[in-house]
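S.K.: Residue numbers (this note's numbering), protein chains in the order written: chain U, 1 to 436; chain B, 1 to 375.
Quick caveat, the hints were computed from the structure, so don't treat them as lab data. Glycine residues also receive a C-beta, built at the ideal position from the N, C-alpha and C atoms. Any given hint might turn out to be false.
To be verified - Derived lysine-lysine pairs resembling DSSO-like cross-links, with alpha carbons at most 30 Å apart:
#, chain 1, residue 1, chain 2, residue 2
1, B, LYS108, U, LYS308
2, B, LYS334, U, LYS86
3, U, LYS73, U, LYS16
4, B, LYS108, U, LYS367
5, B, LYS358, U, LYS86
6, U, LYS113, B, LYS334
Unchecked claim - Examples of chain B residues toward chain U, derived with CB under 10 Å:
#, residue
7, CYS96
8, ARG100
9, ASN122
10, SER126
11, ALA134
12, ARG138
13, ASP154
14, ASP323
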Amino acid sequence: MAVPTYKTEPLQCWNKAKEIRINFYKDYANAHDNGGLRWAGGAWSFGAIPAGLGDDVFPLTGEPYAASIAFDKEFSLRCLEAVEKKGYARDLCSYMRNYWGSIILNEYAFGGKFPKPDFIWQDHICCSHAKWYQVASELEGGIPAYCIDVSVGPHQELTENRIDYVVGQMHDGIEWLEKISGRRYDDEKLIEAVYEECRATSVWAEICTLNKTVPAPLDEKSMYSLYVLGTLKKHSKEVADFYEELRDEIKYRVENQIAAVKHERCRLMSDTQPPWGFLKIFRYLEKFGAVSVGSLYTFGLIGMWEDKEDGTWGPRTTPQQKGITIDNRDQALRILAEWNLSKPEWQHFYSPHLKSDMMIRIAKEWKLDGIMLHYNRGCEGLTVGIAENRLALIEAGFPVMTFEGNMGDEREFDEARTAARMDSFMETLGFELITE
Amino acid sequence: MVDQFRDWEQNRHTYAKAWKEKTGSKVIGYFCTYVPEEILYAADILPVRILGSHEPHDVTEAHIFGMFCPFCRDCLAQGLKGRYDYLDGIVIAQSCLHIRQAYSSWEKHIPVDFSYYLPMPNNVQSPRAVPYLAGELREFKSALEKWIGREITDQDIRNGIRTMNENRSLMHQVYALKKKENPPLSGEETMEIAISEQMVDKKEHSNELKKLLNEIQTKQNGKNTGTRLMILGSEDDDIPFLRMIESVGGTIVIDDHCVGTRYFWNNVPERDNVIEAIAWRYCERPACPSKDWIERSRISHILKLAQDYDVGGAIVIQQKFCDPHELDIPAITKALNDVGVKTLFLEFDVTVPVGQLKVRCEAFLEMLQEEDLFV
Numbered sequence: 001m002a003v004p005t006y007k008t009e010p011l012q013c014w015n016k017a018k019e020i021r022i023n024f025y026k027d028y029a030n031a032h033d034n035g036g037l038r039w040a041g042g043a044w045s046f047g048a049i050p051a052g053l054g055d056d057v058f059p060l061t062g063e064p065y066a067a068s069i070a071f072d073k074e075f076s077l078r079c080l081e082a083v084e085k086k087g088y089a090r091d092l093c094s095y096m097r098n099y100w101g102s103i104i105l106n107e108y109a110f111g112g113k114f115p116k117p118d119f120i121w122q123d124h125i126c127c128s129h130a131k132w133y134q135v136a137s138e139l140e141g142g143i144p145a146y147c148i149d150v151s152v153g154p155h156q157e158l159t160e161n162r163i164d165y166v167v168g169q170m171h172d173g174i175e176w177l178e179k180i181s182g183r184r185y186d187d188e189k190l191i192e193a194v195y196e197e198c199r200a201t202s203v204w205a206e207i208c209t210l211n212k213t214v215p216a217p218l219d220e221k222s223m224y225s226l227y228v229l230g231t232l233k234k235h236s237k238e239v240a241d242f243y244e245e246l247r248d249e250i251k252y253r254v255e256n257q258i259a260a261v262k263h264e265r266c267r268l269m270s271d272t273q274p275p276w277g278f279l280k281i282f283r284y285l286e287k288f289g290a291v292s293v294g295s296l297y298t299f300g301l302i303g304m305w306e307d308k309e310d311g312t313w314g315p316r317t318t319p320q321q322k323g324i325t326i327d328n329r330d331q332a333l334r335i336l337a338e339w340n341l342s343k344p345e346w347q348h349f350y351s352p353h354l355k356s357d358m359m360i361r362i363a364k365e366w367k368l369d370g371i372m373l374h375y376n377r378g379c380e381g382l383t384v385g386i387a388e389n390r391l392a393l394i395e396a397g398f399p400v401m402t403f404e405g406n407m408g409d410e411r412e413f414d415e416a417r418t419a420a421r422m423d424s425f426m427e428t429l430g431f432e433l434i435t436e
Numbered sequence: 001m002v003d004q005f006r007d008w009e010q011n012r013h014t015y016a017k018a019w020k021e022k023t024g025s026k027v028i029g030y031f032c033t034y035v036p037e038e039i040l041y042a043a044d045i046l047p048v049r050i051l052g053s054h055e056p057h058d059v060t061e062a063h064i065f066g067m068f069c070p071f072c073r074d075c076l077a078q079g080l081k082g083r084y085d086y087l088d089g090i091v092i093a094q095s096c097l098h099i100r101q102a103y104s105s106w107e108k109h110i111p112v113d114f115s116y117y118l119p120m121p122n123n124v125q126s127p128r129a130v131p132y133l134a135g136e137l138r139e140f141k142s143a144l145e146k147w148i149g150r151e152i153t154d155q156d157i158r159n160g161i162r163t164m165n166e167n168r169s170l171m172h173q174v175y176a177l178k179k180k181e182n183p184p185l186s187g188e189e190t191m192e193i194a195i196s197e198q199m200v201d202k203k204e205h206s207n208e209l210k211k212l213l214n215e216i217q218t219k220q221n222g223k224n225t226g227t228r229l230m231i232l233g234s235e236d237d238d239i240p241f242l243r244m245i246e247s248v249g250g251t252i253v254i255d256d257h258c259v260g261t262r263y264f265w266n267n268v269p270e271r272d273n274v275i276e277a278i279a280w281r282y283c284e285r286p287a288c289p290s291k292d293w294i295e296r297s298r299i300s301h302i303l304k305l306a307q308d309y310d311v312g313g314a315i316v317i318q319q320k321f322c323d324p325h326e327l328d329i330p331a332i333t334k335a336l337n338d339v340g341v342k343t344l345f346l347e348f349d350v351t352v353p354v355g356q357l358k359v360r361c362e363a364f365l366e367m368l369q370e371e372d373l374f375v
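Isolated chain U (complex conformation) (with noise of 0.2 Å):
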């Protein structure tokens, strides 16, 4: 088979990306400084609600802090060893173990101290998250903890009632917030913020879809990078317009055939969290003219979308597309917990077989050749479900090649093996290691 070349240049908003995420550590770190608060949450707690305080309130997501510390594999083993000296298990979500570890050693992965909270702010659909923060607060002496339960079923079967449910407590925790923090609370920051998560979320969602394109102008490895920072401040007007930024920026590689990887021939998704020590995985596999042009978990861990008039999958509308105005604090609390519970990394909390769907359609409209499940041995709330999931893409006729691991715990990933793995299913794919 002749091996296909194409152009490939670096992102010329690489640069700009990893200035975001940096920026968003030390914001959070130094937010005493000039009188601001520290609040501590999952990446899909509801951050426009805390923005609703004011500009100088800064967050820390747990999950992306977390992997930032897995990716340092010296700092991640000592974090890891604190959390089981102080008794507990170590099959237990590696990403609260690499933070909890951060706290109990009062070390910062971006230096000084561990910054603590002055509130934990974080929702609930994995049966981790709430007690995640639970133990955060009781690790750093009780902090004041609040916590939303989204777990009200999938959106298809979304009903009054279940919205009526989270959005009372988001009701709930704004009054809160005023409590714990002093303040007077400004439903016209919460507004704002609800539009730039709905855009940025869209436009995320966007961007992926420009991925079905051959070649495909973004690699997986790469898009770490970059949905990353949805995950970090996605109601941020800043995160909003470095996505548009970046979505011109793909279509300019679409439009001029700017390929993620030079000689791809073979296009494979992934599922769940890599296991963040070693993407170099991702490198491997593009010596046999492979790429990862995604996953459900790239895809829709952040990105919001719907079904298209011609059929396919594409970003969802946001309520400003459609021409809503929102005019108050229900109204926005509403939009808010709706649009988030559309998330499609959502959707399989309930069954596996929501998720075999989005896959199937995935893999169908990005054209893909194969798909790697990573049996994810950190993460109870992405690998639910993952046995079913490998059927139901064989069934519809994907090769499905799986391997163990952990996305935060290295001790738990075997790389050599990995490759073999990897060796075995381009073989059986009919591809070999391109030799230049």
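Take the given structure of chain U and dock chain B to it, following the hints.
M.R.: Frame of chain U, contents of chain B only:
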């Protein structure tokens, strides 16, 4: 004394099939004790809990990734092996992610007439939880009505509540006897009663409980009680384990398990709005750890049980990979230790290595009994 309960526990499927043939009514399998059985009884449906069989795994590997708890895989195995082939439907109330997989794989690969996912709230401490759950219970009732082809009236639900409350109250009476210095029932016998409670028609179970209570009110247990123990943690229906520990010098006098006290601890209050009353009961019951946040309500409850039942030690068990309990065990262990209750932690798999655990239990009991010598 407990022969009938033991027979039900051991022959649960035979019982359910016979019940179905005798009554001509439907049987529903449920996956979590947050399923509101009151509404099923109101619909003349027999709810039976789906539990495992403690045999090595051989059929679930393709369906559930091995890092999820052995209990959820064992439950699914029962379905894949056709042991619950008499079920007309299945229901799950939302709790942990693990057991949810048994439900979703069952729904796909072992088709039944009726399946229902009840999105039980996790934030049961929120004032929003009861009204929300009440709304979901109304939806559940409607789905059942559509399936069985008749209306479920408020009076039917009152009858269902009465059936459940009577059984729970009788279980409380049985457990109260275990506060005695020489409890009339062993932990093994109590577990047989508790498991059968989740398998058979509550009316029959209650009648048998009444007989049992008459028999044991004044009866002394012939054997030495030894060290009074509490057992708590993940789902546990492992009778051979209890038999073992009670053979080496301990008696289990109280538990905090969902096959046990968490299942029957509180009643549905009497209220005009029967659905809201049921919702209140399920939000207020002793919590599963997956719902015990932001405050830790379990600790005060467990400490009170330990005090009321005068326990000398606690065995904290955890199904392997059971994240919700793993997240509670350090805090609960510390709380027990702080009030002087020593603990032994044991990890359970689908098959329990009784021989190895026996050594550890003996050592634990020796340690506790040695302390008694110097008091």
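S.K.: Run the distance test for LYS108(B) versus LYS308(U): straight-line Cα separation, threshold 30 Å.
M.R.: holds (28 Å)
S.K.: Quick one, is the CYS96(B) hint okay against chain U at 10 Å, beta carbons?
M.R.: holds (5 Å)
S.K.: Straight-line Cα separation of LYS108(B) and LYS367(U) no greater than 30 Å?
M.R.: holds (27 Å)
S.K.: Minimum Cβ distance from ARG138(B) to chain U below 10 Å?
M.R.: holds (8 Å)
S.K.: Does SER126(B) hold up as a contact with chain U if the rule is Cβ-Cβ below 10 Å?
M.R.: holds (6 Å)
S.K.: When the nearest CB of chain U is found for ALA134(B), is that gap smaller than 10 Å?
M.R.: holds (9 Å)
S.K.: Does LYS358(B) pair with LYS86(U) here, judged by a C-alpha cut-off of 30 Å?
M.R.: holds (26 Å)
S.K.: Is the interface hint for ASP323(B) satisfied, with its Cβ closer than 10 Å to some Cβ of chain U?
M.R.: This hint holds: ASP323(B) lies near chain U, its Cβ roughly 5 Å from the closest one there, short of 10 Å.
S.K.: Would the hint on ARG100(B) stand, with a C-beta cut-off of 10 Å toward chain U?
M.R.: holds (7 Å)
S.K.: Can the hint on ASP154(B) be confirmed by a CB-to-CB distance to chain U that is less than 10 Å?
M.R.: violated (20 Å)
S.K.: Given the proposed pairing of LYS113(U) with LYS334(B), does the C-alpha separation stay at or below 30 Å?
M.R.: holds (27 Å)
S.K.: Compare the distance between the alpha carbons of LYS334(B) and LYS86(U) with 30 Å, and conclude whether the hinted pair is satisfied.
M.R.: Satisfied, since the Cα-Cα distance of roughly 11 Å is no more than 30 Å.
In summary, the one numbered hint that this structure violates is 13.
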